[in-house]
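Trainee: Could you put together the complete structure from these sequences and hints?
In this text, residue positions in the sequence shown follow the working numbering: the first is 138, and each later residue adds one.
The set of hints was computed from the structure by calculation and includes no laboratory data.
So the derived label-pair ranges between C-beta atoms look like this:
(1) T452 - G381: 38 to 46 Å
(2) T419 - E228: 40 to 48 Å
(3) L344 - G436: 28 to 36 Å
Everything numeric in this text was worked out from a predicted model, so none of it was measured.
Beta carbons are placed, not taken as given, at the ideal position from N, Cα and C, and that holds for glycine.
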Amino acid sequence: MRERLTIAFSGPPSPHRVTGLPFPHGPIGIRSGELTLMHTDLVAALDIGGTKIAGALVDGHGRILLRAQRPTPAQEHGDIVIRAVEAVLGELTASPLWSRAAAVGIGSAGPVDASAGTVSPVNVPGWRDYPLVERVRAVTDALPVELIGDGVAITAAEHWQGAARGHDNALCMVVSTGVGGGLVLGGQLRPGPTGNSGHIGHISVDLDGDLCPCGSRGCVERLASGPNIARRAIEGGWRPGPEGDTSAAAVAAAARAGDPVATASFERAAQALAAGIAATATLVEIDIAVIGGGVGKAGEVLFAPLRAALRDYATLSFVQRLTVTPAQMGTDAGLVGAAAAALSRMSGTRTAGVAG
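Mentor: In structure tokens:
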């Protein structure tokens, strides 16, 4: 039998409040309203990208207690993609820990529409206005579900526990199969009305550039994502080693070994990222940009030309002190951030200062 404890705070009730969420600990703050506590001290988290679908059960401190993962069948029909999501959730719901889960947080490749509960990931063409929240609720005993973009999820994690902790104005990015991001402004995570604020991957930095799957031209993602770094290197004459690895990680290894074509491909990606980061900083005065994802693991192959290019683009006095740093949360960032969003929104609190 679950024991219930209700704590009342002054102020109007939150429209996002759901009975049964944990009292938050650590950096999770309390917002005015009424919070109902039960012995359901975990949330489920999903991190959905173009390469993998990861799931976890996470506690109020951001600790991951159980994991599950499947590859994303990104080029398949939407129903096949959701089966992979359901398989991940099936592993979570089969655990004895599931009875302690009170909500589900989803960080998905975007665009997402948090208000409608739908997703249309550029790199998952089978999902267009796909009712992801509805489908997840159907296999999780109708638990409340909170949806945000994957870049926003990573931002929540990095601001809560990672490289952006202590910074009131930050851009956090994931550079991987795609390029996403999120913003912290005035100490609060700002996902925006639909959950897509900070989606830097689809800022155009080359007006006459290649057509992007989103429909625009010269997007940051078209120049800086892992697959596009590899594509450009191959088009320039780079050839993989005997193992045939054509990933961005292989291009990074070649660049570290001095391959000029591989180096040029990363320099072009760094230039695109620098232009997008500088434009964002000029608009909203961020003081730090955090970069994670698979491409971020390239290290100085990426960050050295990125910092050099940033000096060329971030020229106004109020953005000249902008710093760029690698993310700290690693592959868990999306899961921890999705959990943070679920904890904060559904309990009527603000994890890492979540705001609309």
